[in-house]
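A.B. asks: Listed below are the residues making up each chain.
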Amino acid sequence: MSTQSKFEARTVTALVEDRPGVLARIAGLCRRRGLNIASLAVGRSENPGLSRLTFVLEGPPSVVDQCAAQLERLVNVIEAHDITNMNHIWRELALVKVKTTAETRVEVLELSRVFRANIIDIGANSVTLELTGGREKIDSLITLLDRFGIIEVMRTGRVAVLRGTLFEGEEDGQFQANRNWANGVPHEYHITPGVSGSV
Amino acid sequence: MGKTLTGGDIVCEALLNEGVDIVFGLPGGAILPLYGVLGRYPELRHVLVRHEQGAAHAADGYARASGKVGVAFATSGPGATNLITGLATAMMDSVPIVAITGQVGRAAIGTDAFQETDITGATLPVTKHNYLITRVEDVGATVHEAFHIARTGRPGPVLIDIPKDVMQEVGTYDYERDSQINLPGYRIPTAAPDEQIDAAVKLINEAERPVFLAGHGVIISRAFDELKELAEKAQIPVVTTLLGISGFPENHPLHVGFPGMHGEAYASLALDDSDLIIAAGSRFDDRIVGNVNEFATRSKKIHIDIDPAEIGKAVPVDAAVVGNLKHVLAQMIPKANRGSRPEWIRHVEQLKSDHPSLHIPETGNLSGQHVVRGLSNVTKGNAIICTGVGQHQMWAAQHYRFTEPNSWLCSGGLGTMGYEVPSAIGAQLALPESLVWSICGDGGFQMTMMELATAVENRLPVKYAILNNNHLGMITQWQELFYMGDTQADAYTANPDFVKLADAFGMKGMRVDDIDDVESAIEEANAHPGPVIVDFVIEKVEHVYPMIPAGGSIKDLMEDTRV
Numbered sequence: 405m406s407t408q409s410k411f412e413a414r415t416v417t418a419l420v421e422d423r424p425g426v427l428a429r430i431a432g433l434c435r436r437r438g439l440n441i442a443s444l445a446v447g448r449s450e451n452p453g454l455s456r457l458t459f460v461l462e463g464p465p466s467v468v469d470q471c472a473a474q475l476e477r478l479v480n481v482i483e484a485h486d487i488t489n490m491n492h493i494w495r496e497l498a499l500v501k502v503k504t505t506a507e508t509r510v511e512v513l514e515l516s517r518v519f520r521a522n523i524i525d526i527g528a529n530s531v532t533l534e535l536t537g538g539r540e541k542i543d544s545l546i547t548l549l550d551r552f553g554i555i556e557v558m559r560t561g562r563v564a565v566l567r568g569t570l571f572e573g574e575e576d577g578q579f580q581a582n583r584n585w586a587n588g589v590p591h592e593y594h595i596t597p598g599v600s601g602s603v
Numbered sequence: 013m014g015k016t017l018t019g020g021d022i023v024c025e026a027l028l029n030e031g032v033d034i035v036f037g038l039p040g041g042a043i044l045p046l047y048g049v050l051g052r053y054p055e056l057r058h059v060l061v062r063h064e065q066g067a068a069h070a071a072d073g074y075a076r077a078s079g080k081v082g083v084a085f086a087t088s089g090p091g092a093t094n095l096i097t098g099l100a101t102a103m104m105d106s107v108p109i110v111a112i113t114g115q116v117g118r119a120a121i122g123t124d125a126f127q128e129t130d131i132t133g134a135t136l137p138v139t140k141h142n143y144l145i146t147r148v149e150d151v152g153a154t155v156h157e158a159f160h161i162a163r164t165g166r167p168g169p170v171l172i173d174i175p176k177d178v179m180q181e182v183g184t185y186d187y188e189r190d191s192q193i194n195l196p197g198y199r200i201p202t203a204a205p206d207e208q209i210d211a212a213v214k215l216i217n218e219a220e221r222p223v224f225l226a227g228h229g230v231i232i233s234r235a236f237d238e239l240k241e242l243a244e245k246a247q248i249p250v251v252t253t254l255l256g257i258s259g260f261p262e263n264h265p266l267h268v269g270f271p272g273m274h275g276e277a278y279a280s281l282a283l284d285d286s287d288l289i290i291a292a293g294s295r296f297d298d299r300i301v302g303n304v305n306e307f308a309t310r311s312k313k314i315h316i317d318i319d320p321a322e323i324g325k326a327v328p329v330d331a332a333v334v335g336n337l338k339h340v341l342a343q344m345i346p347k348a349n350r351g352s353r354p355e356w357i358r359h360v361e362q363l364k365s366d367h368p369s370l371h372i373p374e375t376g377n378l379s380g381q382h383v384v385r386g387l388s389n390v391t392k393g394n395a396i397i398c399t400g401v402g403q404h405q406m407w408a409a410q411h412y413r414f415t416e417p418n419s420w421l422c423s424g425g426l427g428t429m430g431y432e433v434p435s436a437i438g439a440q441l442a443l444p445e446s447l448v449w450s451i452c453g454d455g456g457f458q459m460t461m462m463e464l465a466t467a468v469e470n471r472l473p474v475k476y477a478i479l480n481n482n483h484l485g486m487i488t489q490w491q492e493l494f495y496m497g498d499t500q501a502d503a504y505t506a507n508p509d510f511v512k513l514a515d516a517f518g519m520k521g522m523r524v525d526d527i528d529d530v531e532s533a534i535e536e537a538n539a540h541p542g543p544v545i546v547d548f549v550i551e552k553v554e555h556v557y558p559m560i561p562a563g564g565s566i567k568d569l570m571e572d573t574r575v
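Protein chains in written order, with this note's numbering: chain F, 405 to 603; chain Y, 13 to 575.
No wet-lab data here; the hints were simulated from the structure. The C-beta atom is built at its ideal place from N, Cα and C for all residues, glycine as well. Hints may be right or wrong, so weigh each one.
[As the list claims (entries may be wrong)] Here are a few chain Y residues that sit away from chain F, every Cβ distance over 12 Å (derived from the structure): (1) K80; (2) E157; (3) D186; (4) S191; (5) E244; (6) G427; (7) L569.
[Said to hold, decoys possible] Non-contacting residues of chain F with respect to chain Y, defined by C-beta distances greater than 10 Å in every case (computed): (8) E421; (9) P452; (10) R509; (11) T532; (12) V557; (13) E575.
[Said to hold, decoys possible] Straight-line alpha carbon distances no greater than 30 Å define the calculated DSSO-like cross-link-like pairs of lysine-lysine that follow: (14) Y/K312 to Y/K245; (15) Y/K325 to F/K410; (16) Y/K80 to Y/K392; (17) Y/K240 to Y/K364; (18) F/K410 to Y/K312; (19) Y/K392 to Y/K347.
Using the sequences plus the hints, can you model the full thing?
C.D. replies: Listed below in structure tokens is the structure:
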């Protein structure tokens with residue numbers, strides 16, 4: 405859609421009460437404010453009775469900028485943070501079932517090795533791969549597998565946490581690139597061979 | 013130790029513990045177990061409405077007038093859905109209401125049972141929070157939590173849906189236990205952090221042409237004295253928003269009026285000419301801002317709001333202060349410099365004399381403005397005024413000189429026609445000694461006029477002034493101005509005879525069509541001990557001016573050329 409091009413995406417994490425209807429309240433709020441939920445991952449958190457969510461929300465800049473504050477208005481939302489511009493790590497999990505023949509199977513297995521994907525199922529005519537990483541890495545593997553014939557792709561959506569601080573007494577999630585590093589510069593991005601983008 | 017009670021009894025006990033004395037409602041099948049025990053609690057006065065929308069609006073009027081939480085009861089299905097307009101009205105204007113609805117029995121939920129509606133689903137967007145109770149053990153705690161949420165922070169409506177069998181079942185109620193609030197995700201801002209206060213006060217002290225944009229937050233937080241003190245100390249003119257009206261005395265020299273679409277031109281111009289707008293409990297509504305890119309481009313903005321989600325929502329701000337306005341203003345007063353801004357004050361006075369916005373047409377015919385001006389004169393600005401939405405509301409906002417704090421009740425955000433009839437009933441019950449005038453349009457009046465029976469039944473001396481032009485006046489105005497004069501469906505050609513209607517309801521009815529009779533009729537109505545309808549037959553077609561069209565800016569200001 406052409407209007408989509410004006411949209412911006414935000415990665416938002418939230419801690420919410422684990423009880424019926426909470427997700428409906430969050431989804432309803434996103435709908436009312438014109439936000440698209442591009443991906444959503446929910447699971448129980450380290451605290452009993454609380455769940456942690458990661459979503460990627462898309463919408464007009466003026467609206468997505470407000471999304472964490474709007475979410476925090478909900479009584480069942482303990483906290484919500486827009487971590488897009490904070491130092492964070494994110495991962496997605498994808499299961500990719502791809503067609504194989506005797507001739508192509510080796511090539512598929514080789515690709516999976518390079519991408520550090522796990523082979524979790526092999527059938528007579530298919531192989532299923534499990535891949536963890538950033539969106540670009542998963543997109544790249546799917547693109548490369550496309551010519552073999554993809555039967556099914558199942559992706560979890562993004563899960564994210566703030567990077568821990570390297571210094572005592574500081575908050576997690578700060579960028580620390582302009583520090584004087586004692587032991588060299590820690591890698592922000594690991595580059596997978598043949599794949600651009602973050603992992 | 014707890015008491016062993018039915019769910020219905022627990023509701024009543026919890027309401028009493030919350031200080032509730034009046035409930036507006038209408039019974040039906042699913043809520044009968046609650047009505048069945050109501051008689052055991054004579055301290056809870058039940059006001060039987062004629063339509064559930066009236067219950068919600070009356071609870072809203074009661075809440076606004078008293079500062080307490082308004083309570084409405086309705087049954088499942090249509091009873092509950094009839095509440096929705098009232099809940100949405102309260103949500104938009106941040107009014108604390110607790111609505112309790114009956115629901116079909118637990119076993120029937122989700123089966124499309126008779127009079128079943130997913131009311132918690134339906135009211136998600138128009139409530140601050142809502143509940144479907146599924147265990148009798150949760151009834152007491154849920155009622156207390158609902159009141160806590162409704163009245164604290166930014167107030168708003170909360171709905172509790174209780175299945176019929178939960179109200180019949182027996183459980184325990186223990187006030188000590190059930191009134192413990194455990195809401196880890198719910199924060200109530202009070203005082204603001206010092207660094208926010210300091211940043212805002214710095215802007216105020218540096219400003220040459222500051223102006224307050226005082227909103228409903230002034231009234232909700234009862235910050236009347238603090239606003240006045242800070243405005244006087246720092247010499248800051250005060251523009252009140254539509255819902256901020258009666259938050260600052262209109263006979264005060266620093267009072268400027270209300271801005272925006274139909275506000276006084278000088279108030280809009282004062283905002284535009286300022287170098288600092290201090291939005292105090294106001295949310296920069298689109299009826300004030302219009303085109304965001306052209307709104308007060310030369311001024312910095314301080315936004316004080318209790319709801320962090322409002323900061324930056326409509327207008328980018330230079331300083332944000334999150335807190336309860338009463339606390340925030342009290343924090344600011346000692347830090348603000350004693351102001352002396354004679355040039356700016358003179359400039360604002362000049363705007364007032366250059367743009368005399370409050371025009372009364374001199375055709376010799378009775379107009380809405382004459383009626384409101386007459387009311388203002390006779391009541392000396394001391395009455396409680398309720399309105400719905402439309403021309404009557406704007407004329408009331410423009411021409412009534414409010415001198416009493418919190419004496420103006422109107423549906424501002426949602427713009428609900430018909431709010432004026434039941435809200436006045438709620439306000440009169442909250443303030444039995446006060447004179448309550450409901451200024452109505454003939455359109456809105458006919459949406460909720462069945463509640464006149466409620467007023468009569470409860471011997472409430474509410475005075476209804478119908479500004480009767482046989483038109484949906486504001487619609488006619490918009491069609492004439494923006495739809496090439498193609499007036500469609502804007503006129504009522506067969507309105508009832510409102511004087512006979514008053515008689516039918518057992519009220520006093522009067523008709524006025526002459527300017528000279530306005531004040532004597534109002535005096536006669538005031539002297540009558542019961543409810544009154546005065547049918548003011550006004551000019552058929554008359555526009556409200558000034559006007560800034562929707563999405564426009566101060567450049568698009570239309571003033572009445574006949575001034």
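A.B. asks: Flag every earlier hint the structure violates by its number, smallest first.
C.D. replies: 2, 8 and 19
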